[in-house]
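Student: Spelled out, the chains give:
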Amino acid sequence: MAKKLLEIKNLKQHFNIGKPNLVKAVDGITFDIYKGETLGLVGESGCGKSTTGRTIIRLYDATDGQVLFSGEDVHGKKSSKELKNFNRKMQMIFQDPYASLNPRMTVADIIAEGIDIHGLANSKKDRMERVYQLLETVGLNKEHANRYPHEFSGGQRQRIGIARALAVEPDFIIADEPISALDVSIQAQVVNLLKKLQREKGLTYLFIAHDLSMVKYISDRIGVMYFGKLVELATAEDLYNNPMHPYTQSLLSAIPLPDPDTERTRKRKSYDPKVHNYSEKDKVEMREIAPGHFVYCSEKEANQYKAQYVK
Amino acid sequence: MEKILEVKDLEVSFQTYGGSVKAVRGVSFDLHKGETLAIVGESGSGKSVTSQTIMKLIPMPPGKITGGQILFNGEDIVPKTDKQMQKIRGKEISMIFQDPMTSLNPTMKVGYQIMEVLIKHQNMSKQAAKARAIELLSLVGIPMPERRVNQYPHEFSGGMRQRVMIAIALAANPKLLIADEPTTALDVTIQAQILDLMKDLQSKMDTSIIFITHDLGVVANVADRVAVMYAGQIVEMGTVDEIFYDPRHPYTWGLLASMPSLDNDDKAELAAIPGTPPDLTNPPKGDAFAARNNYALAIDFEEEPPMYQISETHFAKTWLLHPDAPKVEPPDAVKKRMRQLSSAFKQPVLVKEGN
Numbered sequence: 005m006a007k008k009l010l011e012i013k014n015l016k017q018h019f020n021i022g023k024p025n026l027v028k029a030v031d032g033i034t035f036d037i038y039k040g041e042t043l044g045l046v047g048e049s050g051c052g053k054s055t056t057g058r059t060i061i062r063l064y065d066a067t068d069g070q071v072l073f074s075g076e077d078v079h080g081k082k083s084s085k086e087l088k089n090f091n092r093k094m095q096m097i098f099q100d101p102y103a104s105l106n107p108r109m110t111v112a113d114i115i116a117e118g119i120d121i122h123g124l125a126n127s128k129k130d131r132m133e134r135v136y137q138l139l140e141t142v143g144l145n146k147e148h149a150n151r152y153p154h155e156f157s158g159g160q161r162q163r164i165g166i167a168r169a170l171a172v173e174p175d176f177i178i179a180d181e182p183i184s185a186l187d188v189s190i191q192a193q194v195v196n197l198l199k200k201l202q203r204e205k206g207l208t209y210l211f212i213a214h215d216l217s218m219v220k221y222i223s224d225r226i227g228v229m230y231f232g233k234l235v236e237l238a239t240a241e242d243l244y245n246n247p248m249h250p251y252t253q254s255l256l257s258a259i260p261l262p263d264p265d266t267e268r269t270r271k272r273k274s275y276d277p278k279v280h281n282y283s284e285k286d287k288v289e290m291r292e293i294a295p296g297h298f299v300y301c302s303e304k305e306a307n308q309y310k311a312q313y314v315k
Numbered sequence: 004m005e006k007i008l009e010v011k012d013l014e015v016s017f018q019t020y021g022g023s024v025k026a027v028r029g030v031s032f033d034l035h036k037g038e039t040l041a042i043v044g045e046s047g048s049g050k051s052v053t054s055q056t057i058m059k060l061i062p063m064p065p066g067k068i069t070g071g072q073i074l075f076n077g078e079d080i081v082p083k084t085d086k087q088m089q090k091i092r093g094k095e096i097s098m099i100f101q102d103p104m105t106s107l108n109p110t111m112k113v114g115y116q117i118m119e120v121l122i123k124h125q126n127m128s129k130q131a132a133k134a135r136a137i138e139l140l141s142l143v144g145i146p147m148p149e150r151r152v153n154q155y156p157h158e159f160s161g162g163m164r165q166r167v168m169i170a171i172a173l174a175a176n177p178k179l180l181i182a183d184e185p186t187t188a189l190d191v192t193i194q195a196q197i198l199d200l201m202k203d204l205q206s207k208m209d210t211s212i213i214f215i216t217h218d219l220g221v222v223a224n225v226a227d228r229v230a231v232m233y234a235g236q237i238v239e240m241g242t243v244d245e246i247f248y249d250p251r252h253p254y255t256w257g258l259l260a261s262m263p264s265l266d267n268d269d270k271a272e273l274a275a276i277p278g279t280p281p282d283l284t285n286p287p288k289g290d291a292f293a294a295r296n297n298y299a300l301a302i303d304f305e306e307e308p309p310m311y312q313i314s315e316t317h318f319a320k321t322w323l324l325h326p327d328a329p330k331v332e333p334p335d336a337v338k339k340r341m342r343q344l345s346s347a348f349k350q351p352v353l354v355k356e357g358n
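From first to last, the protein sequence lines stand for chains A and B. Numbered according to my numbering, the first sequence spans residues 5 to 315. Numbered according to my numbering, the second sequence spans residues 4 to 358.
Hints listed in this document are in silico derivations from the structure and should not be mistaken for laboratory results. These numbers come from a predicted model, not from an experiment. Wrong hints could be hidden among the right ones.
[What the hints assert, rightly or not] Here are the simulated DSS-like cross-link-like pairs (lysine-lysine), alpha carbons at most 27 Å apart as the crow flies:
id, chain 1, residue 1, chain 2, residue 2
1, A, 310, A, 278
2, B, 339, A, 199
3, A, 278, A, 233
4, A, 271, B, 339
[Said to hold, decoys possible] Not the full set, but computed from the structure, chain B residues with beta-carbon under 10 Å of chain A:
id, residue
5, 19
6, 47
7, 219
8, 244
9, 261
10, 278
11, 300
Note that beta-carbon positions come from the ideal geometry of N, C-alpha and C, so glycine has one too.
Input sequences plus hints: build the corresponding full structure.
Tutor: The following block contains the structure:
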């Protein structure tokens with residue numbers, strides 16, 4: 005079994021606490037991310053998947069719960085030195101390549117910002133060499149270093165965002181819908197690049213997206229979120245072959261596939277949270293119904309799921 | 004079947020400081036009654052400009068229709084004035100836009116936005132229009148329409164707003180509905196609901212639909228026929244089965260191969276299309292796709308490919324179908340889905356020389 009890189013324990017992120025418009029964006033989720041794997045996180049807009057990513061990297065302060073990175077708590081009081089050290093290990097790639105790059109900085113400065121902050125380069129020459137190296141890694145070339153973001157297309161900008169995240173040599177990258185804003189033909193390019201980097205550098209990814217077919221392709225394990233809760237967590241294949249939670253089933257039945265024959269016979273399932281009919285006595289929590297396959301359910305449901313589960 | 008729309012050699016360009024951008028370069032297609040035609044392509048391929056030109060919604064200037072005809076019910080709408088177009092827009096042809104958040108007027112009640120169409124095009128009284136608006140809201144599946152009719156767009160969710168947009172578009176029983184990426188901004192579960200709704204309404208009202216999207220999954224779900232656009236031209240067109248099971252153009256291969264499939268578990272690298280689309284201020288010589296095409300022949304860089312016909316309904320614009328062209332194998336991901344279709348001719352037939 006691979007080593008746990010990240011442990012998320014009962015993480016909660018509530019907004020507007022103490023006001024009538026309290027939002028429980030993330031409401032007590034627990035999962036681990038192993039070293040070198042890609043964990044996909046899927047769900048509808050507003051289910052809290054992006055908030056989860058942002059809370060893990062401490063862009064938000066968690067309301068409750070713990071995020072342990074290599075055994076160390078991410079949240080809580082930290083000196084600026086500790087924080088800096090931590091920021092180097094964890095990086096983020098954002099959804100919108102148009103909004104996440106400073107339009108007034110050259111590509112070289114954008115990529116080297118992290119290198120400067122952490123003092124990773126000994127000299128100006130070393131700094132530029134690192135930038136050139138990174139540009140090459142992500143499939144751009146060194147002539148691009150002195151240009152500005154507006155001179156690039158969406159796919160190229162996303163590559164710059166990836167180079168920026170790689171500049172500080174992180175262990176863990178959170179990719180928040182990195183391909184949603186790109187064209188189909190370009191999406192495949194970026195996904196291939198992310199996979200190549202993972203192979204070469206042993207990176208660990210948290211891949212947040214709503215495009216389920218791409219998530220299945222890139223992820224080793226997938227977590228499904230619904231209304232701030234993680235409802236199912238399993239390996240990518242297992243989740244697609246044996247979806248247990250009714251929400252996962254409805255989500256899977258809604259993905260349009262590029263195959264006219266299956267589309268003609270498609271049966272769509274809808275999900276109504278009332279089907280669970282939980283009483284107050286029921287203890288609803290994540291239960292393991294098959295090795296490595298977790299479902300958020302009551303004890304009674306867990307027994308049902310176990311019976312239904314096909315190997 | 005009755006032809007409702009015929010587009011012939013349409014050319015549209017935009018004047019910019021950098022020169023004129025030839026967004027649509029000779030597009031021809033037709034549309035039958037009750038049929039759904041999907042137009043696919045990446046951003047900048049001219050799919051949205053083509054559809055907006057049919058409604059003459061492109062700003063002129065800087066936009067200009069530099070050639071071709073758009074025959075709607077046999078009548079050319081290219082020379083029509085703005086005033087004449089107002090009688091067609093919303094009544095004969097209507098449109099659903101991509102972003103339901105910005106395409107409704109935030110200061111008007113949704114009921115009134117539907118009534119506007121009815122009062123203007125069908126000379127209804129206010130009361131009759133309101134009653135019809137409530138009917139339409141329930142038709143598109145909005146619960147409690149009597150109450151919802153008096154609400155403002157911000158009180159609706161994204162999927163509900165798109166339903167309102169559909170109600171507005173269908174209010175005057177248009178013959179042609181243009182849907183420009185109507186589900187791109189929505190979640191998969193909501194997307195499935197909207198697609199079902201559109202198909203259901205189409206069968207009730209016998210409307211023809213032009214459906215613009217870049218999601219091939221959606222295309223497989225809704226389309227009867229598919230047109231694949233690249234760099235302002237239709238590079239392949241055929242029935243949905245022909246495009247998905249017997250594609251002939253390397254760009255269509257590329258699109259199909261770059262999507263991961265859910266049923267196969269192998270984790271081989273995706274076959275991405277390298278590079279980026281060309282700049283249409285100076286469209287490249289020969290085939291616009293040649294620079295990104297692994298199957299490009301020497302002639303692709305010299306001469307524009309001609310259009311070949313593969314069956315009654317299937318057309319592809321590629322030199323690979325030329326009798327002298329080398330036999331090439333499509334990518335593995337595409338080969339897996341290929342099958343022999345009975346409708347195909349024995350030999351592709353040349354129908355139109357490249358320019």
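Student: Now look at each hint and say whether the structure bears it out.
Tutor: Now for the hints, and whether the structure bears them out:
no.: 1; hint: A:310 / A:278; in the structure: 21 Å, holds
no.: 2; hint: B:339 / A:199; in the structure: 24 Å, holds
no.: 3; hint: A:278 / A:233; in the structure: 16 Å, holds
no.: 4; hint: A:271 / B:339; in the structure: 24 Å, holds
no.: 5; hint: 19; in the structure: 15 Å, violated
no.: 6; hint: 47; in the structure: 9 Å, holds
no.: 7; hint: 219; in the structure: 4 Å, holds
no.: 8; hint: 244; in the structure: 6 Å, holds
no.: 9; hint: 261; in the structure: 4 Å, holds
no.: 10; hint: 278; in the structure: 9 Å, holds
no.: 11; hint: 300; in the structure: 21 Å, violated
Going through the hint list in order, the structure does not satisfy hints 5, 11.
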